[in-house]
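Student: For this one, chain A is given, so just place chains B, C and D on it according to the hints.
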Amino acid sequence: MTTAQQGLTRAELARRVADDLVDGWCVNVGIGVPLLLPEQATPGREIVYHCEHGLLGVGPAPQGAPDPDVTDAGKNPVTLVEGAASFDSSLSFAIARGGRLDLCVLGALQVGENGDLANWLVPGGNPGVGGAMDLVAGARRVWVMMTHLDKQGRPKLRKRCSFPLTGPGVVDRVYTDLAVFEFVDGVLTLRECAPGVTPERIAALTEAAYSVDLRGESI
Amino acid sequence: MTTAQQGLTRAELARRVADDLVDGWCVNVGIGVPLLLPEQATPGREIVYHCEHGLLGVGPAPQGAPDPDVTDAGKNPVTLVEGAASFDSSLSFAIARGGRLDLCVLGALQVGENGDLANWLVPGGNPGVGGAMDLVAGARRVWVMMTHLDKQGRPKLRKRCSFPLTGPGVVDRVYTDLAVFEFVDGVLTLRECAPGVTPERIAALTEAAYSVDLRGESI
Amino acid sequence: MIDKIRPGAVDCLTGIRSGSSVAIGGFGQTGVPLDLIDALCDRDVRGLHIIANNGGRGLPGERGIGRLLKENRVRRLSCSFPVNPDFFRRYFAGDVEIELVPQGTLAERLRAGGSGLGGFYTPTAAGTMLADGRFVVRYGEGGVVRETLAQKESRVIDGRTYVLESPLRPDFALVKAHLADRYGNLRFRLGARNFNPLAAMAAGCTIVQADHIAHDGSLPPDDIHLPGPFVDHVVETAGETVR
Amino acid sequence: MIDKIRPGAVDCLTGIRSGSSVAIGGFGQTGVPLDLIDALCDRDVRGLHIIANNGGRGLPGERGIGRLLKENRVRRLSCSFPVNPDFFRRYFAGDVEIELVPQGTLAERLRAGGSGLGGFYTPTAAGTMLADGRFVVRYGEGGVVRETLAQKESRVIDGRTYVLESPLRPDFALVKAHLADRYGNLRFRLGARNFNPLAAMAAGCTIVQADHIAHDGSLPPDDIHLPGPFVDHVVETAGETVR
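Residue numbers (the UniProt record's numbering), protein chains in the order written: chain A, 1 to 219; chain B, 1 to 219; chain C, 1 to 243; chain D, 1 to 243.
Here chain A stands alone, though its shape is the one from the complex (with noise of 0.2 angstroms):
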């Protein structure tokens, strides 16, 4: 749909969901758009990122010759800041399910309006879950970000996932390309428009039923 390119280019979503990030945070990134987050340094937040099979302090992609040891969940390779740590992947996912990761934030395929999360399979394609169904259930929030339009322009955010779930009632909030949306006390919430888009478009675009709450520009 040429309507959602005119939203936030997947840099800026990046930019958008680190902004929000709370200084001292611990936070998983998964496949996708969320790998770009240890890109978006903000001056006074110190961020600690996790990768799930077992390494703590994540940052940017190197400037020089790449570590094969040290790579992210995508498997590209990434660089290590003060403070990182390595440890075995049965303690990176007792980090993830003990609820010691303050959020985690994956892509997804569809978001059910009740919470729901489909992101690892796609009805009749290749399976591969790879850690979400563990950061899901065990993170303190999860976040999502991906496009508001699926590429064959249908709306992601839908009444009810019709893909398998990745797990039940699980998101926080949802950061599109055109908008933010939070569960307020389990109700899908439209907080935010991005700049351009109008809460009539993000209406044609989304399936979800959803209250409105806007609070300008950043939440």
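Please note: incorrect hints may appear among the correct ones.
Here are the simulated BS3-like pairs of lysine-lysine, each with C-alpha atoms no more than 30 angstroms apart in a straight line [claimed, not checked]:
hint: 1; chain 1: D; residue 1: Lys152; chain 2: C; residue 2: Lys152
hint: 2; chain 1: C; residue 1: Lys70; chain 2: B; residue 2: Lys75
hint: 3; chain 1: D; residue 1: Lys152; chain 2: A; residue 2: Lys159
hint: 4; chain 1: C; residue 1: Lys152; chain 2: B; residue 2: Lys159
hint: 5; chain 1: D; residue 1: Lys70; chain 2: A; residue 2: Lys75
hint: 6; chain 1: A; residue 1: Lys151; chain 2: A; residue 2: Lys75
hint: 7; chain 1: B; residue 1: Lys159; chain 2: B; residue 2: Lys75
Hints in this document: simulated from the structure, not taken from any laboratory.
Tutor: The following block gives chains B, C and D in isolation, referenced to the frame of chain A:
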């Protein structure tokens, strides 16, 4: 009982057990007389002693100033030898339950002719179990080191344990100050008498039924 | 900026109230956070549920868990080896409770709690009094039995009997580390590691006393035994630690 | 004398037969024991059950798990992220099996197997297709379903739903370490640790390729990430490792 005093001393008993250890074995030693085993080096054999709270490669007591961070299961100062490793207590018991201990050597209050072990509670007494139940559940072999008679002069090798069990049917061998027994196809079998101790005397001081298959002074 | 280093132990411990559950690292006196326990004893807290491997020896002037028991601050002790003669007297008199837990099971229950697991099956204690509901946790007057360990659910898996054990999620953990940095990354020393990282993982709030702090940076990633997210507060106690 | 250092990989791998189950460390290509896998591919083994996080990308000339799949040596892959396009084609054609396991559950199942536990309850995958018996492990001709993941036993604990997961006990593990000594003590490097210590713990026989070996002694006790009892054979591959 004065009769029991004519058998092996504690150090002789430790030496006797050490003679049966196999080069390369990983061995846990429990509280009491088994803690003497790391003092009994055997030329040509390298034994890795495991200490349940989280050490491998425990050696004899220190000659000089003790290191308070290096203690055995009885909280006595010991040393670390080449190849030593430290880890947390959950990994330590993963080694035990996971079948990576070739042997654990424990003291006992009673051993049943069915291989039952009782070593943690005299009824009405002060309870304390430590790691004994984990060790007997996981080690590949369980050997007992004990006096043949208890302080009241009663046989500790019994038809059935009257004290609460540490584990059912777990014992493979019993080394006492008077004799060596082995469970052969589940049958308690007298394999050896201490120097100067006759089979008749063992019979008089043992409640458990057992077979006799002596093979001289050493197994 | 992340900085979990605190100027003193007192402020870190204010959340601990009478009745709180507190996991404490250490095996015997090895790796016990003695300074944190001393600071805790300066506060008016009673009726604690202490989760620790040992109960101290009950010697005169003893620091550590023994001091907590001696000052009668403990209502319930979950441990594998209580040892302490005075605590045993009060146990048989019905004044305090002992939840006896095999050492490996205690370690694993703390780890399970810290890992967000709901429980696990272990072969340890199957077929014993610690699984069959007979072990007395609390006596009443005249030696009557007020509470026993629950009979553990058992299950035969591949021909072997296992018992179901539950995770431990104490309110607080008191931990002794050798090195720490401002991120809360910890390194322990030899046998002093023991239950310390497990207590830290399990607790809602973890307070660490460290022999030394990397004031000019952070610990090397591969040298860290427990990463910072499990740690809330770190106090340096160099020079105070009994050696 | 204990000496687990072997002169070459070939002799260490002779126990692996067609049909063996083999856990392999690594995440993507990070920490994968490439040299051991190459040596395994020199042998005539088929129908392996591979337990590893990823399936390789299926690129031309690829080493690692991808090579095992490409050479059609794998009957069943237990993993969280198969990725490999060719393996997916054979999966949908019914030639190979995929047991899809969430990444944290895969790690924990290996650890449980290595720790002698009978299973554990985890909240991961509760309420999803990976717990309800619908995920297809093996197709037959024409897309009929031959086998699915078993429906997992679930249990509500403190108001939350958990599913029961079983331990993994593979016959063998292939592991990549950074440093090793003759006792089999291992140290890993940064993100290359990942599943390697867990695979080593779980397996009946663990074979390690190490970048470097401490030929003149042993590793410092507190620097060891996995102690020697979990390791059977160590091969040095300095200079051979792809960097």
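Student: Could you check the structure against the hints above and give me the numbers of any it violates, in ascending order?
Tutor: Violated: hint 7 alone.
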